[in-house]
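Given chain A, work out where chain B should sit, using these hints.
Protein chains in written order, with the UniProt record's numbering: chain A, 1 to 387; chain B, 1 to 257.
Source of the hints: derived by calculation from the structure; they are not laboratory data.
Certain hints may be false.
[Unchecked claim] The calculated BS3-like cross-link candidates involving lysine-lysine, where the alpha carbons are at most 25 angstroms apart (straight line), are:
#	chain 1	residue 1	chain 2	residue 2
1	B	Lys-234	A	Lys-239
2	B	Lys-102	B	Lys-147
3	B	Lys-70	A	Lys-239
4	A	Lys-239	B	Lys-58
5	B	Lys-58	B	Lys-102
6	B	Lys-44	A	Lys-226
7	A	Lys-99	A	Lys-143
8	B	Lys-147	A	Lys-239
9	A	Lys-259	A	Lys-273
10	A	Lys-239	B	Lys-24
11	B	Lys-27	B	Lys-58
12	B	Lys-44	A	Lys-239
[Said to hold, decoys possible] Stretch-level coverage of chain B by chain A, calculated; a stretch enters the list once three of its residues show a Cβ under 8 angstroms from a Cβ in chain A:
#	region
13	8 to 22
14	40 to 49
C-beta atoms are modelled at their ideal positions from N, C-alpha and C, and glycine is treated no differently.
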Amino acid sequence: MLDSAKNNRQDLVLDSMPILQQTLQQTRSPLTNPECPVLALGLEGSANKLGAGVIRHNPDGSSTVLSNVRHTYITPPGEGFQPRDTALHHREWAFEVIKSSLASAYIVMSDLDCICYTKGPGMGAPLQSIALIARTLSLLHNKPLVGVNHCVGHIEMGREITGAKNPVVLYVSGGNTQVIAYSRQCYRIFGETLDIAVGNCLDRFARILTLSNNPSPGYNIEQEAKRGARLIPLPYTTKGMDVSLSGILSAIEVFTQDKRYRPNGKPQSSEDKDIITPADLCFSLQETVFAMLVEITERAMAHIGSKEVLIVGGVGCNERLQDMMGIMAQERGGQVFATDERFCIDNGIMIAQAGLLSFRMGSTTPIAKSTCTQRFRTDQVNVSWRA
Amino acid sequence: MATTSASMRLISSSTLISQGAEAKVYKGYLTPSGSAVLLKYRFKKTYRHPSLDTTLTKARVAGEARALLKCLRSGVNVPGIRMVDASEGLLGIEWIEGKSVKYLLPSGADDGDGEGEVPVESPSQTLEHFGISVDTLMNLIGIEIAKMHLADIIHGDLTTSNMMVRDPASFTSLDPKVPTELVLIDFGLSYHSTLVEDKAVDLYVLERAFASTHPDSEPMFAGMLAAYEKQVGKEWSALRRRLDEVRLRGRKRSMVG
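Only chain A is shown next, with the shape it has when bound in the complex (with noise of 0.2 angstroms):
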């Protein structure tokens, strides 16, 4: 698994490397401006979150966020999201969801041109409900059905949030760790992770912690780690531009077995100097885990020669990791492109967005088609809206 993984990465690497000079020279995109405005609803929900939005794309090229609304499977403390309860969730608030995405956008599904879902990746009991109102949808009000990779989503959604122009993507989230570029219609996996997603490795060390999961386990983290001041040794695992974090989250959760560690943070008594708390644990991870990410971000932008870097995904929301990349573009003379978390999270209108692009270029999902899927790598879709 480790090695195949390399070698697929040197496989995208190696050949993407002349693509990426031509396509920086050609700057015409093939997408030209609507005739009239047009409108898509976009559904997510791949994972515990539930999101329903409408964006409008305008004649003179620009676009307008009409409504985004989010609801969250939230589980106590301790506690990961199970597929089974996630679908629950997600198809007992679907009907309130999409009311109020449609509701507050002040339009009615009549109006909309199109309908997007998110076709995958992502667990698949939540995908399947998501994809079966999608189509329930579709088939009641006549409309047709764009079915969307969730990680183009996210990128999609960062470009055009931020104005990024060419950026290379470092997609984090609790599903995902990839270093993204793009070339010749075609988003490119650089580099990713060889086991478990950064999401993944917090909200599991929060889970560890018995952090609360409310509004996310990642959100707790970051908090707690400002607390923290010890630095505490963890491996520390790049390999080329991948990355490995399950060992990591391994090493971090014997620490709360030391002797030293004490899970209230506090000192025993005056002399009890030599301690470990949670916020110093949570601020090692963090520490860690980032110079990473951002190790391999850098990688990736000194071997493309690109100045921009985008952060998207739900970690991207992490200030912490966005101050380091930060200082690295800034080191490098380049530019850093975050987005807050109504747009970094999960949503459903980052699935508008690409789900748009793509139906303005001519693309639809039959209803015979429809279908979702678990595994769907950011590589296999067909960018024809770039140039």
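What follows is chain B alone, placed relative to chain A:
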């Protein structure tokens, strides 16, 4: 630090040649009358926690020096080590006068509309200057990689840009038929391993590099492998089997989202 260290003074008196993600590369001189050295400086990464940065830099400089040393001891042609200052992140190695193999082999035809770094001389002319044919060059590459793998060093980033051919003008060869020597460079991603798997992956990485930078490279790579086989001896059958396996892997993988 009140005074600047010797390493820092050395860097400030040297000329910057290139900057990668990891390190800055300089050409400098240890003594005024001595020969040139190549300085690889892993500068401080301010985004990283200072103590994490120090540990990593130290380990990486030492690791690279260790791999070079092991190669030197086993008779692999690599640049000689001139100085190591792990805590400052500086590695000084022999300056090699010559040309990267990348520019000695025909490159992609669609390179024309690239950034215009087309070499003035055609590859075959340059090879003539080095007094060798493409076949001899492949033979040299195969032998050198085999020697490195026999020493259980995995390069980790084998490409044609990480191999150099010495300029015959500044080098006296022991072999009258081959006036030059092939040198493996950049051990930044190297590590020690005895596994057939790692060696096979190393070869696969090179195969991919050949395929993407030099069109119609199959016969060249085959020639390289033949020389490798001869040098590596009895380990070859296991290695070949594993290389075939590795080749099949890369493309099909689909990651769990």
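Verification of the hints:
1. Straight-line distance between C-alpha atoms of B/Lys-234 and A/Lys-239 comes to about 30 angstroms, which puts the hinted pair past the 25 angstroms bound.
2. Our distance criterion of 25 angstroms between C-alpha atoms is met by B/Lys-102 and B/Lys-147, whose separation comes to about 21 angstroms.
3. Of the supplied pair hints, the one linking B/Lys-70 and A/Lys-239 holds, its CA atoms being roughly 21 angstroms apart against a limit of 25 angstroms.
4. Proposed proximity of A/Lys-239 and B/Lys-58 is supported: the alpha carbons are some 17 angstroms apart, at most 25 angstroms.
5. Taken as a hint, the B/Lys-58 and B/Lys-102 pair is broken in the structure, with Cα atoms around 31 angstroms apart against an allowance of 25 angstroms.
6. Between B/Lys-44 and A/Lys-226 the alpha-carbon distance is near 23 angstroms, which keeps this suggested pair within the 25 angstroms criterion.
7. Proposed proximity of A/Lys-99 and A/Lys-143 is supported: the alpha carbons are some 16 angstroms apart, at most 25 angstroms.
8. Proximity of B/Lys-147 to A/Lys-239 is assessed by CA-CA distance (about 24 angstroms); at most 25 angstroms being required, the pair is judged to hold.
9. A C-alpha spacing of about 13 angstroms is found between A/Lys-259 and A/Lys-273, which places the hinted pair at or below 25 angstroms, so the restraint holds.
10. With a C-alpha separation of about 20 angstroms, the suggested pairing of A/Lys-239 with B/Lys-24 holds against the 25 angstroms cut-off.
11. The suggested pairing of B/Lys-27 with B/Lys-58 holds, with an alpha-carbon distance near 21 angstroms, which does not exceed 25 angstroms.
12. For the hint pairing B/Lys-44 with A/Lys-239, the CA-to-CA distance comes to about 20 angstroms; that is within 25 angstroms, so the pair holds.
13. Beta-carbon proximity to chain A at under 8 angstroms applies to 3 residues in the region 8 to 22 of chain B; the threshold of 3 is reached and the given coverage holds.
14. Check on the region 40 to 49 of chain B: 5 of its residues sit with their Cβ under 8 angstroms from a Cβ of chain A, so the three-residue criterion for coverage holds.
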